[in-house]
Structures are given as C-alpha cells and as structure tokens.
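*Asks:* For reference, the chains in residue letters:
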Amino acid sequence: NAGVTQTPKFQVLKTGQSMTLQCAQDMNHEYMSWYRQDPGMGLRLIHYSVGAGITDQGEVPNGYNVSRSTTEDFPLRLLSAAPSQTSVYFCASSYWQRFGSNSPLHFGNGTRLTVT
Amino acid sequence: SQQGEEDPQALSIQEGENATMNCSYKTSINNLQWYRQNSGRGLVHLILIRSNEREKHSGRLRVTLDTSKKSSSLLITASRAADTASYFCATDASEETSGSRLTFGEGTQLTVNP
Numbered sequence: 001n002a003g004v005t006q007t008p009k010f011q012v013l014k015t016g017q018s019m020t021l022q023c024a025q026d027m028n029h030e031y032m033s034w035y036r037q038d039p040g041m042g043l044r045l046i047h048y049s050v051g052a053g054i055t056d057q058g059e060v061p062n063g064y065n066v067s068r069s070t071t072e073d074f075p076l077r078l079l080s081a082a083p084s085q086t087s088v089y090f091c092a093s094s095y096w097q098r099f100g101s102n103s104p105l106h107f108g109n110g111t112r113l114t115v116t
Numbered sequence: 001s002q003q004g005e006e007d008p009q010a011l012s013i014q015e016g017e018n019a020t021m022n023c024s025y026k027t028s029i030n031n032l033q034w035y036r037q038n039s040g041r042g043l044v045h046l047i048l049i050r051s052n053e054r055e056k057h058s059g060r061l062r063v064t065l066d067t068s069k070k071s072s073s074l075l076i077t078a079s080r081a082a083d084t085a086s087y088f089c090a091t092d093a094s095e096e097t098s099g100s101r102l103t104f105g106e107g108t109q110l111t112v113n114p
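Those sequence lines, one after another, are chains A and B.
First residue of the first sequence? That's 1 in the working numbering, and the numbers climb one at a time after it.
First residue of the second sequence? That's 1 in the working numbering, and the numbers climb one at a time after it.
Don't take each hint at face value.
[To be verified] From the structure, some residues in chain B lie toward chain A, with a derived Cβ separation under 7 Å: (1) Asn31; (2) Leu43; (3) His45; (4) Glu55; (5) Gly59; (6) Phe104; (7) Gly105.
It is worth saying that the hints were derived from the structure and are not from the lab.
Since the model is a prediction, treat every value here as computed from it, not as a measurement.
Ideal Cβ positions, reconstructed from N, Cα and C, are used throughout, including at glycine.
Given these sequences and hints, build the entire structure.
*Replies:* Below, the structure is given as structure tokens:
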C-alpha cells in the first residue's frame, strides 16, 4: 500500500513551458486535491475532486488545470509556467461522503517546482 | 485568505517539556484537524475534533476546541526531539460537502532540544 505517490520530486521549468505533475493513490479514495505551499502562507487549495469526472476550483486555481478520469489519478497541469508558480505542490486524498465526511487527508511527499 | 492562524509562529523547548500551540479561525466549522510536517515531507494527520466536541486525546496529544472563541489548542506532553516539526491546524467549513475544502493555517515550527 503505497498511499499517495507524487512525481516528479523536483522540477525546474523555464517561463512559458508546460508540464504535468502526477498524483496517484491506491486507497480507493473518492476525494483528491492539490495544494501549494509557500513560505509564510501555509497551504492553499488549488483544485479538488470528489470523484471521477468531477473537479472544482479551490482558492488559487488560476494557471492550473486538472482532470479526474480515474479514481486513482489526479494530474495537475501547468499550461504556461510563470515564476509566481515556484512552490512546493502537495497532492492529498481522503474518503468522502456528502454531508459530513470528517476523514483526514493523506498527503504525498510533494513536488518542488522552480520556474526561472 | 487564511481561515486558521497558528500562534506562536515558532516555539523552542527542551526535551521533556510540554508544547502548546494555538489556532484561531474566523467562520463556523464542521471540524478542525491538526497535521504535522517534518522537513521536506508531506503533512501527516494527527487528530480531528468535531465542532460538537470540546476535547480529544491521542497518546501524548491533547486537543481542545472552543467554538465560542473560534480557537483550538494542541498540547504535546513530555516532548521528544523527534517531535521537532511544523504543526498546522486545518478547518473544514464546507456547508454542504464537508471535507471538500480544508483551509490550513501558516503553521507553528516546533523545535525540541535534546
């Protein structure tokens, strides 16, 4: 049981390049999400999904796209990278039920992205 | 905007002492959770307290919740050097789909000196 797996662990991009951050979980969790962590700002929610085919925006969605074609995978796409997207990105998953899930998040170990 | 704010931002104590971290939030919540993050790693869930609970224990951890003051505290008793980490509170204020939008604070950096 690997939990939440994120790849790559490190990535350097030039401004304007595109890339996809991968996230996979093997716990059959319905809920998956992407956060970015910046110094002094805690974690901020980018996008989330409560099941295959369903995605929604979080607090800071601009510049990022997501899709959820399977329960296991939730990739995050940067279409045109900007220096402001330099950050550490975390994927997290949990069980989810409408009207009261109260399930803890399981986090991956993060992807450290630098955009020059 | 951040829902939760931790206090203090940094805390340094000696092994064996107790560590107390506080979290304040702004809106009504369904539950409040505490997470731990070791350097260079992802967050690990520690404890969840529901809005109708006032206190919860897990091993050396004690969490309190005061919904009238919109605040929570995390107490780590008999601290160890291995407790050195950042600690985050997270609130779930979702109205209809509880658990969909956890909001994290900025964290408290705890250092436990041997």
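*Asks:* Hint by hint, which ones does the structure fall short of?
*Replies:* Going through the list in order, the structure violates hints 4 and 5 and respects the others.
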